[in-house]
Amino acid sequence: MSIDVKYTIAATATGGREGHVKTEDGAIDLALTPPKAMGGSGTGHNPEQLFASGYAACYLGAMKFATTQDDSLAKVPDDATVKATVGIGPRSDKGFGLTVELEVHFPGVDTAEAQKTADAGHEICPYSHATNGNISVTTTVV
Numbered sequence: 001m002s003i004d005v006k007y008t009i010a011a012t013a014t015g016g017r018e019g020h021v022k023t024e025d026g027a028i029d030l031a032l033t034p035p036k037a038m039g040g041s042g043t044g045h046n047p048e049q050l051f052a053s054g055y056a057a058c059y060l061g062a063m064k065f066a067t068t069q070d071d072s073l074a075k076v077p078d079d080a081t082v083k084a085t086v087g088i089g090p091r092s093d094k095g096f097g098l099t100v101e102l103e104v105h106f107p108g109v110d111t112a113e114a115q116k117t118a119d120a121g122h123e124i125c126p127y128s129h130a131t132n133g134n135i136s137v138t139t140t141v142v
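Residue numbers (my numbering): 1 to 142.
For the record, the hints were derived by calculation from the structure and aren't laboratory data.
From a predicted model like this one, the values you see are computed outputs, not experimental measurements.
One or more of the hints may lead you astray.
As the list claims (entries may be wrong) - FRET-style restraints, in silico, Cβ to Cβ:
hint, residue 1, residue 2, range
1, Asp93, Thr12, 29 to 35 Å
2, Arg91, Gly15, 31 to 37 Å
3, Asp4, Gly42, 39 to 45 Å
4, Asp71, Pro47, 37 to 43 Å
5, Gly61, Ser41, 30 to 36 Å
6, Thr68, Ser41, 43 to 49 Å
7, Asp79, Ser2, 33 to 39 Å
Claimed, not checked - Only pairs whose alpha carbons sit at most 27 Å apart, straight line, appear in this in silico DSSO-like list of lysine-lysine:
hint, residue 1, residue 2
8, Lys22, Lys6
9, Lys64, Lys75
10, Lys75, Lys6
11, Lys94, Lys6
12, Lys83, Lys116
C-beta atoms are modelled at their ideal positions from N, C-alpha and C, and glycine is treated no differently.
Start from the sequences, fold in the hints, and give me the full structure.
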């Protein structure tokens, strides 16, 4: 598989989970702090927040794009939302692992039709491609 790269961005982290992260364009410039659930103060941001935000936005965009490629898919309403819940914890072997729960809301759209669009979004979303087979990702259309 080859990728025709259209955009790149670099971010630099210092200090790990108790540090700082900044993108090269300065659009993101955040203090990092572990969440309280992991022994931190919870006063800053953490990588899971950033991952959840990115996945939710990218997946919603992928569903919108999917409808431009297949007229049989339900259009994504303007007030549609995706809630991405990212979990982190120790793995049974070693290190830490992630889980993702995606909750898709398509107000006014039949659930079965919204599910077809949600499934098509996973075929397009780069976050879905990256996580497929690597971490548990569940999708619920409500």
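Hints and how they fare:
1. At about 30 Å, the CB distance of Asp93 to Thr12 agrees with the hint of 29 to 35 Å.
2. Distance hint check: the CB atoms of Arg91 and Gly15 are about 24 Å apart, inconsistent with the given range 31 to 37 Å.
3. Checking the proposed 39 to 45 Å range against Asp4 and Gly42 shows it holds: the Cβ atoms sit about 40 Å from each other.
4. Judged by the Cβ atoms, the range 37 to 43 Å given for Asp71 and Pro47 holds: they are separated by roughly 38 Å.
5. The beta-carbon spacing between Gly61 and Ser41, approximately 33 Å, falls within the hinted interval of 30 to 36 Å.
6. Under the hint 43 to 49 Å, the C-beta atoms of Thr68 and Ser41, about 44 Å apart, fit the expected range.
7. For the pair Asp79 and Ser2, the beta carbons lie near 37 Å from each other, so the given range of 33 to 39 Å is met.
8. Between Lys22 and Lys6 the CA atoms are separated by roughly 21 Å; this keeps the pair inside 27 Å, and the hint holds.
9. For the hint linking Lys64 to Lys75, the alpha-carbon distance of about 7 Å falls within 27 Å, and the restraint holds.
10. Straight-line distance between C-alpha atoms of Lys75 and Lys6 comes to about 26 Å, which keeps the hinted pair within the 27 Å bound.
11. Straight-line distance between C-alpha atoms of Lys94 and Lys6 comes to about 36 Å, which puts the hinted pair past the 27 Å bound.
12. A hinted pair counts as satisfied when its Cα atoms are at most 27 Å apart, and Lys83 with Lys116 qualifies at roughly 18 Å.
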